[in-house]
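Q: Each chain is listed here by its residues.
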Amino acid sequence: DAGITQSPRHKVTETGTPVTLRCHQTENHRYMYWYRQDPGHGLRLIHYSYGVKDTDKGEVSDGYSVSRSKTEDFLLTLESATSSQTSVYFCAIRGLGAGELFFGEGSRLTVL
Amino acid sequence: KNEVEQSPQNLTAQEGEFITINCSYSVGISALHWLQQHPGGGIVSLFMLSSGKKKHGRLIATINIQEKHSSLHITASHPRDSAVYICARLCTGTASKLTFGTGTRLQVTL
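If you read the sequences in order, they're chains W and C.
Position in the first sequence counted from 1, then plus 48, gives you this note's numbering.
Position in the second sequence counted from 1, then plus 19, gives you this note's numbering.
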């Protein structure tokens, strides 16, 4: 199994509070991604990283920020959570070899 | 309109049936992934292909680059194949981003 873990796996929080999700990899892969998954939608890209301190926005980046200060960690922050950010969040890592795409187990976030 | 369209959205089959799930995309790609997501959420990459066909056990994935179409076939389906199957288009670029279809929910019954 690829070494990719997400934390926390489940979180319930209140509107307006900050939330940080962590994605940790042991594969030394360059590319890391944060997606959200909602009913009726495919996985949608929030932010991605192509190296340490190299990040960019995806298609649903409003209300989210990210940081990658070292290869193994990619943090997703909701500065002030809203109910529309209730979702399941997946981290993914991608290597350069064929088929090297791995997902974390997901983090279920509920914003009340 | 999604850049990646899958059909059918839902599929019910009896054990042993041959299953086909289709994926069409609207722009050129460098590769296409097929993913499997079981109830409980974990997502696993089944195949990445850029041409031709790949086979792994009872699973076969094909792609036609000219027609912008890919299929995932499951032979001799089994209840443990019940899952959501997702195709994702990969375009090369700065970050090699993926665009996902909404998935096909497969239920295989005894």
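Keep in mind that the hints were calculated from the coordinates and are not lab data.
Among these hints, one or two may not hold up.
[To be verified] The list that follows gives simulated cross-link-like pairs (lysine-lysine, DSBU-like), each with its CA atoms no further than 30 Å apart:
hint, chain 1, residue 1, chain 2, residue 2
1, C, 72, C, 87
2, C, 116, W, 59
3, C, 73, C, 87
4, W, 118, W, 105
5, C, 116, C, 72
6, W, 105, C, 87
7, W, 101, W, 59
8, C, 87, C, 74
9, C, 116, C, 87
10, W, 105, W, 59
11, C, 116, W, 105
12, W, 118, W, 59
13, C, 116, C, 73
14, W, 118, C, 116
15, W, 101, C, 73
Q: Which earlier hints can't be squared with this structure?
A: 15
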